[in-house]
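In the order they appear, the protein sequences are chains X and B. Just so you know, the first sequence maps onto residues 1 to 476 in the working numbering. Just so you know, the second sequence maps onto residues 1001 to 1487 in the working numbering.
Read the hints as simulated data drawn from the structure, not as lab findings. From the three backbone atoms N, C-alpha and C, an ideal C-beta is built for every residue, glycine too.
Derived contacts from chain B toward chain X, CB cut-off under 8 angstroms, selection only:
{"id": "1", "residue": "PHE1060"}
{"id": "2", "residue": "GLN1064"}
{"id": "3", "residue": "THR1129"}
{"id": "4", "residue": "PHE1137"}
{"id": "5", "residue": "ASP1141"}
{"id": "6", "residue": "GLY1281"}
{"id": "7", "residue": "PHE1282"}
{"id": "8", "residue": "ALA1296"}
{"id": "9", "residue": "LEU1317"}
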Amino acid sequence: MCMLSTKATCNSHGQDSSYFLGWQEYEKNPFHEVSNTNGIIQMGLAENQLCFDILKSWLAKNPDAAGFQRNGESIFGELALFQDYHGIPEFKKALAEFMSEIRGNKVSFDPSHLVLTAGATSANETLMFCLAEPGEAFLLPTPYYPGFDRDLKWRTGVEIVPIHCTSSNGFQVTETALTEAYQEAQKRNLRVKGVLVTNPSNPLGTTMTRNELNMLVNFVEDKGIHLVSDEIYSGTAFSTPSFVSVMEILKERKCVDDYGCSELWNRVHVVYSLSKDLGLPGFRVGAIYSNDDRVVSAATKMSSFGLISSQTQYLLAAMLSDKKLTKNYISENHKRLRQRQKKLVSGLQKAGISCLKGNAGLFCWVDMRHLLRSNTFEAEMELWKKIVYEVRLNISPGSSCHCTEPGWFRVCFANMSEDTLDLALQRLKAFVTEYYNIPEVIGHHQTIRLNHSRRRSLTKWVFRLSFDDRSPIPGR
Amino acid sequence: MGFTLSNQQQLLSKIATGTGDSENTPYFDGWKAFDSDPYHPTTNPQGVIQMGLAENQLSFDLIQEWVLKNPEASICTAQGAKEFKDTAIFQDYHGLPEFRNAVANFMGKVRGNRVTFNPDRIVMSGGATGANEMIAFCLADPGEAFLVPVPYYPAFDRDLRWRTGVQLLPVACESSNNFKITRAALEDAYEKAQKANIRVKGLLITNPSNPLGTILDRETLKSLVTFINEKNIHLVCDEIYAATVFTQPRFISIAEILEEEDVVCNRDLVHIVYSLSKDMGFPGFRVGIVYSYNDAVVNCARKMSSFGLVSTQTQRLIASMLSDNEFVDRFIVESAKRLEARHTRLTEGLEEQGTTCLKSNGGLFVWMDLHKHLKEQTFEAEMALWRTIIYEVKLNVSPGVSFHCPQPGWFRVCFANMDDQTMDVALERIRNFVLQDKEAAVVAMKKKKNCWQSKKLSLSFNNYRRFDEVNMSPHSPIPQSPLVRVT
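Using the sequences provided together with the hints, build the complete structure.
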């Protein structure tokens, strides 16, 4: 057999992690409201399915947008031929304005600094290619989105050094943790090129505080490195405290005008996508926003490897230019996400399970530490397998997100119907009641008394992995 | 703080600040000239006619007609809207099954149904641009190399090398035997690599050829297969122009060769790159395909395709269109017919003026031989002639040097990206230039006159493109040389 590249034969695509294995199990036995009511309910997929009705009704009223027409005239040829990597101007303008609207118009985005990419997956990889050499490193707060191991590292050769965050302060980034991570990198002889944060956070479902952001900005300023802020969930910040973008922080520091920090201005980059806010992951719409012309230039050329289909650009240009739609969508989206999250949180509470208090995202960061046999990742894995195979819920274990504390799980709430969510919560409550003899609890923890016979069956239980690569690609 | 300039430079990666993106070649310079002064029949009849862009615009009416008749193919029409949600959330990197089936079906039809393609081996990518980069990432490590017969598509230098760190080594093909790929040339290139301690991982061919517009005959294809098997290296066949072959001899795909009885080949070594950008004329839709006979490559490529999936909105449209067999059969025939007519119009028009092209039967361009018009048989002379053609004749054609052509004087001239009237205008301009050149050649013999021409390009930075400064071709180290102006 002829040799393939090292990239092809290694496993730094990260697809062996439990994050994806859960998906595979789901694929083998997917829940269906009618045809497979005993199947596994997918709660490991951070999709936003709550507002399609709004988009569909807009489409029905705007047939030109999708029918390759402008004012009733066919522009099919024009679109089919359009492959300029600068993108369709109307689309970039509309996207820039949408990004601004999400941030309450507190900051504005210059379309000429926007680079279009095939999803945030491509945007993040492209930024790494632009900002770092193979072997250099980015610092990322844990827990983080498992896909970063592939997106940031695989083909780029860039390393990730974790910034350890803990539940002691709600997993916020501290200066100590940042400094320790930086030193760790140095110990490993890795040159740190920047920090990458996801804000709002995946998997925490929280927005970063002003303090955190300022602290991060101070840090990268001091070290002379980059800050990449993946703001893919910016439109899902559904309750207070409101979302603060890193661009706002920079604006407050007057970095645009003040020569003193214009260098810093050039080192902060934002990643965005419509996969979460608009629920359109299939359309592959991502973007890089950078104030550095060289980054914009290089990233634009690199986007050749993953441009957005002109068909899709045209449709979304029309959609996002309709300010009535965007205004209504943003507020309705917040409302529905807020309601759905509340439902999940209260349902979990009834099962004696609490979450990190979240105000954004499509998931909750759920605390199941009290359900672990021991405070170890092995115990977390055991619990996770039980939840996947017996409770039949696919949720994501914290270890797959590189969380340093065992017992945390990410549970998604926006990718299913309300009835399905109810069912999932019922199953979970039944499981907890049966295994842990927890009476109905509202609002606070109880001490756990494990049923002894159940404990034995937990340890005897074997998990069979069948890794046959039927998994879909990971969303977040 | 106190940053030194070198610190600043180091803030970005080498590939971001280097020149590996190769956009400073005449291939791109011609585009820039066009962009600053584009021809339009009424508003800018003196503008530059774009003949450097290999697009297929001849058959859109057929597609438009189909789109109108099939509103359900678009998820955003009333008829298709019920599919909107499922399509919008589908991000599985396997792609919509109906999309893969339709593409496999289409690929088979384009090859006269002489071979069939397995939909499970179809992997999506961001256009053929993404496909070529992806296959390089799968097959080679940084520093390793692919052999590529010259002349070849200029952007390979970027697509296969830039972010991958892979090298491209030329396989010499000479105009004296119509740029045939010979066994000797292959061996020679391979040996050179060995001597330089460069590990060759594969051979990349484009068939039908860009820029030649020719197809590889059966014998050559078989010899390539023998070669790669002997050396145990990969064979990547970019068949992006497969459906543009408009007349005999018919196109032979590598897929067909693999099925031949007397061919012994390790299939794990063979991979096909495809796209709808040329055959259908859909470069904007970014539909690239990697088709590999190697399971491990399919697996790896599929994971990598996450970085350049095809929009599901587009997958659905394509799935619908390409599974309409009646439409596909009609389209393939009609498209070929129109390409042939256009090709004939151009080549006959050129012949009348005594300009010959390489005999070709495919592609969206001709490989024009202008060596007679060169002041001397050098690449500097070719560049000088090219500048004349761009700025005075006002045609953007692509000089052979940008395709790594070993002999000067060849130009690629595209013909399928304009209407008949524009083609006639272009021919008229060429006619005038050739006449003038003939007269001038006589005059020049008597009296040579050097004239400093400072061609200052003022690029108008319109909304749509921004470019770095215009550079001289890397192949022409002489800065701003005086143009010998023919009077």
